[in-house]
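Engineer: Now for the letters of each chain:
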Amino acid sequence: MVRKGKSAWLVHDLTHRGLTAWLLTALLVAFYLLLYLTHFFTPVARSLGLSSKWTLYGLLYTLAILTGGIHVLRKYRRNRYQVVRTSVVMFVQVVFAFSIPEILKFFHQPEYYFSYFWPLKFDDLNPGVVFHLPLFYALYSFLGALVMVPLLGVFFGKRWYCSWVCGCGGLANTAGDPLRHLTSKSSRAWKFEKISIHFVLAVSVLLTALLFISYGLGHRATALSRFTYDFQTVYAFLVVAMLSGVIGAGLYPLGGTRVWCRNFCPMAAILGLVQKLGSFRIAVKPNMCISCGLCSKYCEMGIDVRSYAQANQSFTRASCVGCGLCAEVCPRGVLRLENARLRTPQGASLVRIAPLTSASPLSPGGQR
Amino acid sequence: MRYVIIGNGVAGITAAFTLRARDASAEILLVSGESDYFFSRCALMYAFMDRMSLRDLEPHERRVYAKQNFRLIRDWVTDLDASRRLLTLQSGSSLAYDRLLLSTGSLGEVPDWPGLNRVREGAVHFVTLQDLGRAESLARSAREAVVVGGGLIGVELVECLVYHRLKVTFHVRAPWYWPGALAREEAEIVSEHIRRHGVDLRMDEEVAEILTTPEGRVCAVRAKSGHEYSCQLLGIAVGVSPQIAWLRGVKTPPRLGRGIQVSSSFETSLENVWAAGDCAEFSANGAPFIEQIWYSARRQGELAARAMLGDTIRYDPPIFYNSAKFFGIEYTATGEISPSLPGVQTFFCRLPAREASVRITERAGAVIGINMLGARWDHSIFERWIAERRDMDYAVAHLPEAQFDVEFGRVDLTPVAAAYHNWRARSAAAK
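So the sequence lines, in the order shown, correspond to chains A and B. To convert a position in the first sequence, counted from 1, into our numbering, add 1. To convert a position in the second sequence, counted from 1, into our numbering, add 182.
Read the hints as simulated data drawn from the structure, not as lab findings. All values reported here derive from a predicted model rather than from experimental measurement. Hints may contain errors.
[What the hints assert, rightly or not] Taking lysine to aspartate or glutamate and the EDC-like style, the derived pairs with C-alpha atoms no more than 16 Å apart in a straight line are: (1) B:K249 with B:E209; (2) B:K433 with B:E453; (3) A:K5 with B:D232; (4) B:K507 with A:D14; (5) A:K5 with B:E318; (6) A:K192 with B:E243; (7) A:K5 with B:E326; (8) B:K249 with B:D205; (9) B:K349 with B:D382.
Hey, can you work out the whole structure from these sequences and the hints?
Structural biologist: Written out as structure tokens, the structure is:
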């Protein structure tokens, strides 16, 4: 039941796909279309003394993360994991995603974002770009994407990036917090996600390969490099501008905060595959779940956490970004995020104490 | 084979899934007058507080029922004729069964308070989906509420009403909150916390009379202390009792006590009729007992289904455990946790600067109960210690193994170890 009072009604409407939510969506979509496709914001940025519309956008984005972050820090102040994680994500945004690139520009260095990696930041492995960077930045781009990202993923899961470092996740987990429950939990949405995210990953890998080939062949393959150039333009428009910008952020009030991260982000796809092989998991305390469903409701990645919890199954899902909100909202403390390899003996006992029966009738396998 | 299950709560639905897992071709029918689909009763409060929609309370996607080939019937059962293996439904249709499971759950208990029979509007329980509907519509108009009953449903209802900005008075008959499970020191932690949320919590307060307007609307509660509490909403949360009234008038009633009497293999006195969950009454050493929590209903539903399938079942309730949340304070109980057990030694420690405590009870050198407030614990590890008859030294030394707090949030247990050391020294000196 919606709380009494006018402001409570408005909050509910805004966070439950009411009229105001649709209006906000229209506004956000219009904003992103103007930002990506026109020069509308350039004079606005200039009049504020900012160098470009992208600096203005970065500033707004950082402010959104900071304001939302303060709200989240207060809301979950009793949960140390949330406090630490939110502080880190705010810090990364302010320092690595906003200040350092501006400072580098000031000192006539390349405008480099240390908190983004290939394939999310596509140009990081684009030979035409990265080979023209000073050695340090080029090395960071290569080693970051190919060594650091997967390695940390093995040990800490996808979360080290998607809910601790990344700006997309940063916005979702701060300013987007009141909208996190809107993500679809249906098994159909899960099926769609598995196809779409790996499709985008395949496309981005293919494009990177083409870029390397045409760079290697140089002038000998003009047809190929023209095709690659067109391919890259289409990719930049469809994936970067439309999917990550207009759809990803614009649809917050209707589709939840992780439309981009869950369905399209190629970096999330890689990290998800790594996570399945790594040691991160959500441990389930046996026979304690009351099936209330708060975990599923507040999962921004649309994972039906309850189906695992009520079946006494500890689990690792590729899409899980390890935000830890399922564990936070669980009224019975059933869930615990952990890196299984770094775990104290209780991990072992969780396995040893068998659930009710070996083939639990409520297992998610039985459902799908 | 046609299985009919009356009641689609957690006992009934668990039974249905268990039957299906073992018998792919059986006809399985679930009859419920309360709801179209199984929902989590423990989560009613979250719907009341706008954290979830009613649909969110359903633990399974609806298409699962079609996939499992369950037939769901929304109706009340009005008659049971075991000699013809036939049910009559309120709609008038009849329903034949080969094997029948009664899993009708419980309803809020109706106390015999003077004046309650005059009430037409304003009094609610908080157990069923219909109770939720009534509570919601009352909460819209009411400004003040009185909730009576010092257990778990009471505090949940109080939390909901506080969320909706009602002025809530919470009446507890006992000298401290929930003496069945909490020691006085634990109840103090909980009471302080409840009061901090703006609730007027009254101990040792008993209802003398419910006052109503001439139209039968609740307008106040007069307590035995003489106080009169004005209210437009009266929450009755003095306990639950098995939903069996409907069985008293049927053609072939099963043997009834406080609940439906069953053997240790869930058989009622009627042939081909079993019962499980809140409504089932067992007898242990001649004394009747009924389990009325989510976990027991789920366990019983599964075992009763296996009994219906022909397995040899002897239900022996395992080591007790339960969990709850009092506003923000999480609670985990394992084993015998009543604070008034004879012949036991109890170590209690309140953690400094937290709303948290540890209570371990030992009898004849073995831990029998562990009662925890304000932190997260894995009860299954406590169960193991109790089953293995570990002593208190062992339990205190191994407490960190059972911690289930969030990362970075592990509660520091050094004060517990220090307090335990002192307590041991004192009890040795006393000897």
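Engineer: It remains to establish, for every hint, whether it holds in the given structure.
Structural biologist: Verification of the supplied hints:
no., hint, in the structure
1, B:K249 with B:E209, "holds (13 Å)"
2, B:K433 with B:E453, "holds (14 Å)"
3, A:K5 with B:D232, "holds (11 Å)"
4, B:K507 with A:D14, "violated (28 Å)"
5, A:K5 with B:E318, "holds (11 Å)"
6, A:K192 with B:E243, "holds (15 Å)"
7, A:K5 with B:E326, "holds (14 Å)"
8, B:K249 with B:D205, "holds (14 Å)"
9, B:K349 with B:D382, "holds (8 Å)"
Checked against the numbered hints given earlier, the structure breaks only hint 4 and satisfies all the rest.
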